[in-house]
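Asks: Just so we're aligned, residue 197 is where the sequence shown starts under this note's numbering, counting upward by one.
For the record, the hints were derived by calculation from the structure and aren't laboratory data. Honestly, I wouldn't trust all of these hints.
Claimed, not checked - Result set (DSS-like, lysine-lysine): computed pairs, CA atoms no more than 30 angstroms apart in a straight line:
#1 553 / 332
#2 600 / 553
#3 347 / 287
#4 428 / 260
Unchecked claim - Taking CB as the label site, the calculated pair distances span:
#5 426 / 382: 22 to 28 angstroms
#6 564 / 309: 48 to 54 angstroms
#7 610 / 258: 45 to 51 angstroms
#8 593 / 402: 53 to 59 angstroms
#9 297 / 260: 32 to 38 angstroms
#10 254 / 600: 23 to 29 angstroms
Because the structure is a prediction, the values reported are computed rather than measured. We put the CB at the ideal spot given by N, CA and C, even for glycine.
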Amino acid sequence: MSEPEYDYCILFLGLTGSGKSSVINLIANYFEDNDPKNVREYATIGFERNSETSNVRKYIVRSKHDNKKYLLIDTPGLADTGGNDLMIRKKILESICELNFINAIVCVYNYSQNRVQPSHKKGIESIISLISDDLKYSILALLTHYKQNYKASDDELLQYFIERTKLKSVKQVISIENLPFSRPLDEIRNVNKNKWQEFMRNNISNFFAGFINFAHKERIETTPYLQFENTKNEVKLNIFKMEEKVKNCLTFQGNRSSLTYAYALIKHPARKDNNFICSYEIDRNCTYKCNSQTHGNCRLNVGMFSRFFIRVRTMFNSVCDVCGHSYANHIITKKLYQHVEISSKIINYMSSLDEIKRDAASAENECLDSLRKMKGLLPGFPFSDFLNELIIEARRDMNEDRIKLLENLRRRLN
């Protein structure tokens with residue numbers, strides 16, 4: 197990666213309607229020391245339950261207070277009723293991979309939302325899934341729409357946040373009562389400058405003191421996220437490899453039934469070390485018929501004694517009622533014949549099949565190892581969702597074999 201064009205990097209995460217974009221606008225205008233007439237809307241504000249931010253957006257702002265450049269990253273709201281959390285997570289992860297480092301993650305939560313909706317729980321789980329072990333202690337809890345007359349202590353606010361988000365690693369919380377950028381810009385620009393300064397001094401100064409102090413934390417490298425994305429690609433590659441190995445295995449297994457009886461003959465205990473016909477016996481009563489015990493002696497299955505069968509065929513006129521062959525094809529007992537060509541062909545085949553099976557099992561284990569490696573990098577990441585995404589792609593391609601492989605992987609992970 198090239199040298200970054202910023203000194204500090206802050207990533208904002210939160211549910212739809214939490215006020216992320218409004219907070220970013222407030223911070224950016226504070227850094228540029230804008231009065232009401234010059235305020236700018238950096239991040240677009242959404243209203244009601246639909247997130248205005250559909251893509252990850254980055255803003256580099258130079259602060260006039262310390263002459264440092266801050267990269268502020270606005271992310272789509274999770275648990276958006278019109279969105280897709282899976283796709284949003286993917287966008288956020290890709291965005292993080294483009295960074296050299298992160299100083300802090302600001303998790304924005306709307307304090308006025310007393311009830312935690314099921315969709316919010318899903319969104320919170322998505323937030324947790326995005327946080328690596330290296331970053332879990334660099335999370336700042338930010339409560340918006342907090343009323344000062346609530347008079348809750350910092351410990352109480354922190355406990356409130358943890359109960360609703362399950363982010364137990366969070367150690368610091370700040371709150372803000374009013375977000376002026378929740379209103380249209382025209383209204384803000386009409387505010388008297390003195391009133392604006394008074395508002396900023398009384399309501400925002402403590403917020404910025406806590407925010408700046410936290411934003412200046414030590415840099416956290418984004419290496420785990422790069423490793424995570426690389427491992428995801430590794431999983432996909434291993435799945436394709438596994439698919440090819442299993443297909444090859446199934447092809448070999450499809451031919452196995454035709455060699456089962458011959459293989460049993462070769463492995464018979466009466467087999468001698470010298471690999472040729474050692475003796476034979478003619479059953480002139482022609483009692484051998486095609487069944488589970490004798491069908492392996494049929495000429496079409498063995499195929500190595502044609503000349504002998506031709507010589508003796510004239511001796512017998514009856515026909516097997518199972519396969520239609522002359523009984524002459526059933527007169528060699530299992531214990532008395534073997535042939536180097538049969539032996540080497542079948543043994544080589546079975547050896548190849550065993551090797552292919554081992555390759556298929558090894559490919560499956562490589563997939564599982566890659567998935568476990570991903571879990572180690574981002575412990576909260578929902579791997580069932582990742583596999584479901586791959587299954588959906590396989591269904592779109594009508595690839596039944598891949599669907600079965602992925603479903604088996606999902607079962608083994610669970």
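Asks: Take the hints in turn and mark each one as holding or not.
Replies: Outcome of the hint check:
no. : hint                          : result
1   : 553 / 332                     : 42 angstroms, violated
2   : 600 / 553                     : 17 angstroms, holds
3   : 347 / 287                     : 38 angstroms, violated
4   : 428 / 260                     : 41 angstroms, violated
5   : 426 / 382: 22 to 28 angstroms : 48 angstroms, violated
6   : 564 / 309: 48 to 54 angstroms : 40 angstroms, violated
7   : 610 / 258: 45 to 51 angstroms : 50 angstroms, holds
8   : 593 / 402: 53 to 59 angstroms : 56 angstroms, holds
9   : 297 / 260: 32 to 38 angstroms : 24 angstroms, violated
10  : 254 / 600: 23 to 29 angstroms : 42 angstroms, violated
Hint violations for this structure: numbers 1, 3, 4, 5, 6, 9, 10, all remaining hints satisfied.
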